[in-house]
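Order-wise, the sequence lines are chains B and Z. Be aware that the first sequence starts at 1, since it is given in my numbering, and climbs by one per residue. Be aware that the second sequence starts at 1, since it is given in my numbering, and climbs by one per residue.
Treat the hints as calculated values from the structure; they're not laboratory data. Check the hints yourself; a few may be wrong.
Partner residues aside, some chain B positions facing chain Z, computed with beta carbon under 10 angstroms [what the hints assert, rightly or not]:
id, residue
1, Gln-38
2, Ala-60
3, Gly-107
4, His-111
Bear in mind that the values here come from a model prediction, so they are computed numbers and not experimental data. Glycine included, C-beta positions come from ideal geometry on N, C-alpha and C.
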Amino acid sequence: DAKTTQPTSMDCAEGRAANLPCNHSTISGNEYVYWYRQIHSQGPQYIIHGLKNNETNEMASLIITEDRKSSTLILPHATLRDTAVYYCIVRVAPLYSGGGADGLTFGKGTHLIIQP
Amino acid sequence: DAGVIQSPRHEVTEMGQEVTLRCKPISGHDYLFWYRQTMMRGLELLIYFNNNVPIDDSGMPEDRFSAKMPNASFSTLKIQPSEPRDSAVYFCASSPKTGVEKLFFGSGTQLSVL
Chain B
1 DAKTTQPTSM DCAEGRAANL PCNHSTISGN EYVYWYRQIH SQGPQYIIHG LKNNETNEMA
61 SLIITEDRKS STLILPHATL RDTAVYYCIV RVAPLYSGGG ADGLTFGKGT HLIIQP
Chain Z
1 DAGVIQSPRH EVTEMGQEVT LRCKPISGHD YLFWYRQTMM RGLELLIYFN NNVPIDDSGM
61 PEDRFSAKMP NASFSTLKIQ PSEPRDSAVY FCASSPKTGV EKLFFGSGTQ LSVL
């Protein structure tokens with residue numbers, strides 16, 4: 001799996017958009033970008049994933065650069081409850097690895113702190 | 001749906017004792033994963049099952065750790081004998097069989113081995 005690089009921590013004001021960057025310069029054509037977050041004392045939570053097109057759901061937007069070497073997770077209106085560690089993970093899609101999921105490797109992530 | 005259910009929420013035991021952690025995955029999910037989280041090592045994948053069959057246990061730290069999935073709705077992770085360095089939060093996650101890896105995690109079991 002391609003290696004990802006994320007800032008250790010970031011601050012964002014409540015109500016503003018939080019933009020979390022992730023660098024994955026060695027990503028290959030069949031690797032997805034996944035974002036998860038972990039709120040204190042809880043298990044990780046899936047946020048969004050993408051291959052090459054920008055994606056949006058009820059939680060966030062994912063912007064992937066045209067060369068796919070980096071991406072940005074956008075929380076459009078951050079609230080205090082969005083304070084968490086955000087993990088960017090690059091992984092070959094199970095469809096291409098034999099059809100089965102085989103888990104995700106979590107790095108250290110970005111600790112996002114939403115300031116009131 | 002109640003989500004992935006883990007028990008107990010907290011476990012305190014003494015070194016040398018057997019510890020059993022339990023997990024009920026989301027109904028209909030084909031995959032079940034056991035992770036361990038510590039400050040030093042972060043989240044580590046220990047083992048995962050597909051349709052109740054263990055697929056990869058290369059993350060299990062040593063023979064003191066064992067995991068079973070007797071049916072689609074139940075899995076256990078056992079540590080025997082436990083050691084203080086096993087203290088961690090243990091998460092169970094399940095996933096449906098789709099083309100992407102969308103894992104649903106439980107709330108975890110906080111294990112303290114004294």
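Worksheet item: What are the numbers of the hints that this structure violates, sorted from low to high?
Response: Violated hints: 2, 4; rest satisfied.
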